[in-house]
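Residue numbers (numbering that gives the first Met the number 0), protein chains in the order written: chain A, 0 to 266; chain B, 0 to 409.
In case anyone wonders, no lab produced these hints; they're calculated from the structure. Each residue gets a CB set at the ideal place from its N, CA and C atoms; glycine is no exception. Some hints could be false.
[What the hints assert, rightly or not] Below, a sample of chain B positions facing chain A; criterion: calculated Cβ distance under 8 Å:
1. Asp11
2. Ala322
3. Pro402
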Amino acid sequence: MTATVQPPVDVQAPYGPSAPPALPVIELVDVGKVYRSGSLEVTALSDVSLRIEEGEFVAVTGPSGSGKSTLMHILGCLDVPTAGVFRLAGHDVQALDEDQLADVRNAFIGFVFQQFNLLAYLPAWRNVELPLIYASVRPAERRRRSLAALATVGLADRAEHKPGELSGGQQQRVAIARALVTEPGMILADEPTGNLDSVSSADVLELLYELHRDGRTVVLITHEPDVARRAERLIQIRDGRVWAVGDEEAERQADADTADIDQPAGA
Amino acid sequence: MNWRDTFRTARDAVRTHRLRSALTMLGILIGISAVVLTVGLGEGAKAKVQDDINSLGTNLLVISPGSSTDSSGVRGGFGSASTLTRQDATALATPGVAPDIQTVAAVSTTSAELVHGTTNWRTTLTGTSPNWQVARSRQVASGRFITSANEADAAAVVVLGPDTAQQLFGTTDAVGQTVTYNGVTLQVVGVLDALSSSEAASNNDLAIVPTSTYAQRLVGGATRETVSSIYVKATSSHTLSAAYQEANALLLNTHGIATAANADFSIATAQSVLSTASSVDDTLTVMLGGIAVISLLVGGIGVMNIMLVSVTERIREIGLRKALGGRPRVIRRQFLVEASMLGLAGGVLGVGLGLAVALILPTVSGSRVIISIPAALAAIAVAIVIALGFGVYPASRAARLAPIDALRNE
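Construct all of the structure, not just a fragment, from the sequences and the given hints.
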């Protein structure tokens with residue numbers, strides 16, 4: 000740590016006591032994550048506290064190795080914290096077993112990945128219907144909702160195309176349709192523009208922004224400041240800690256600090 | 000996720016990875032077709048033995064002359080002396096003595112050359128009584144069998160085996176024609192029906208004359224009273240062992256032998272004659288079956304191997320499915336269903352291949368193959384069970400994968 004690094008900022012501060020009474024979608028209290036491999040312990044996250052309210056568009060940003068991927072895994076219920084409390088829509092996630100975690104992911108979270116993660120052998124609409132299969136929705140209803148989600152992302156005419164027949168931007172929009180189709184409490188996008196050219200990137204970001212405007216909660220994880228700026232709130236992760244929230248000045252300051260932080264803090 | 004969706008998902012995955020699915024199936028396919036063929040060959044061999052037994056008659060006993068001890072104490076081997084006589088046959092046939100014996104036919108045989116015109120044919124000349132036809136369950140194709148009247152008159156008549164008639168007379172009807180043996184002209188009164196080709200040739204190539212004719216006019220000499228064998232027919236196949244006991248006791252008694260071990264005759268059932276042959280077939284069946292089971296095992300290991308590759312290769316897909324809400328048990332079930340689909344396909348194709356070979360094999364090697372539908376269905380079930388059994392480990396591995404590790408995989 001160098002002298003120029005600023006102390007962590009309490010992310011709850013902007014909301015604090017005057018926060019709306021409704022349950023936040025996400026609530027993290029002093030969350031930490033330590034990876035153990037043999038005798039080696041790597042601290043990926045420590046003392047992270049934050050709240051994300053319904054309808055927010057939040058960007059989580061930080062350099063690679065900052066711990067933002069770990070945070071994303073915890074937010075997505077793909078991994079559980081080793082310390083602190085994580086509540087998702089009021090549910091204590093630590094108390095859930097593997098099956099319940101799968102159900103929570105299915106019902107509350109819509110994932111958008113950097114690699115799209117579409118199944119190449121299924122046409123677009125059948126990729127979109129996947130989460131509904133695990134939710135045991137009836138086939139006719141699945142098809143109807145999948146086509147509606149594809150229409151939302153502007154790909155109604157590409158429903159029968161396989162991923163290989165679509166451009167990168169279109170594939171990511173199919174992935175967004177898949178994230179939308181269960182009407183989740185939160186859309187969690189992990190570097191959604193990482194594999195796209197600038198035109199497609201703008202396209203996808205615009206789509207996420209529209210979803211936010213329609214009232215959906217969107218959490219965007221990115222290392223690109225330009226992408227993060229589209230969000231209405233910014234959460235900066237450095238060395239496994241939250242550094243700045245919603246403050247562009249602080250963000251710029253943090254960007255300047257990046258040069259000093261050359262030791263990744265974790266996964 | 001319901002079963003229909005699980006099956007659809009598994010079907011899509013199997014279809015998508017065609018080459019891999021085909022290779023997985025191949026192991027099962029070869030194993031199953033090997034099993035089906037082995038069982039088919041075994042059944043075929045058994046059926047052949049059963050046919051042989053049936054054609055001899057399932058309630059037939061054959062008494063052969065056995066070892067004997069002469070007056071100077073020299074013991075001869077089985078067949079070295081003809082210890083059976085016409086009197087033995089008469090004793091066995093005496094009403095009331097052996098209630099489970101239906102009929103008795105003593106047989107004397109010698110190798111004889113029959114002549115018709117310019118044609119010679121060496122066959123087995125058999126002197127016996129009219130009862131022979133009943134004891135051996137044979138029919139005449141044309142003419143009639145020898146009669147009691149022929150027996151009483153020592154008539155110069157002969158009944159020919161179908162092969163013998165064919166050799167001597169070709170396609171012309173033998174009945175009414177004559178053959179000559181040892182200067183005696185015999186009139187052909189009948190021709191026997193042919194037995195199936197799987198039978199020993201001696202069943203179809205023989206010449207039957209009345210016992211009296213055989214002993215007094217044709218062969219004579221020292222063999223006058225002794226016989227080559229006595230056929231005893233039990234009243235039914237259920238009373239066969241009773242008839243065996245009666246014949247054995249009676250002959251030991253009339254021959255004055257105290258211990259059965261010293262018996263100078265032997266009694267064989269058609270079953271016991273052929274059981275040696277069938278036990279050889281059983282050994283072969285077990286050996287082939289072992290090979291088939293090994294090939295099934297190898298097929299199963301192939302399934303496991305390729306499914307493990309499949310799990311590794313589809314690690315991202317598994318991660319995605321888990322991230323989207325697939326519970327571990329649903330993931331496991333999907334892979335198990337995939338495995339059993341491959342097993343089913345391999346089993347069905349394996350049975351198909353087995354059937355195809357079963358159709359070709361008899362024309363190539365002459366072995367009979369019998370494929371039963373229950374055995375084929377069982378083979379398919381076994382294929383599914385094997386694929387499932389060897390699919391459990393890969394499927395559990397897929398189910399245990401952590402979604403982040405799976406998604407992170409490049």
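Do the hints match the structure? See the list:
1. Asp11: holds, 6 Å
2. Ala322: holds, 5 Å
3. Pro402: The hint holds - Pro402 (chain B) has a Cβ within 8 Å of chain A, the shortest such distance being about 5 Å.
Hint violations for this structure: none, all hints satisfied.
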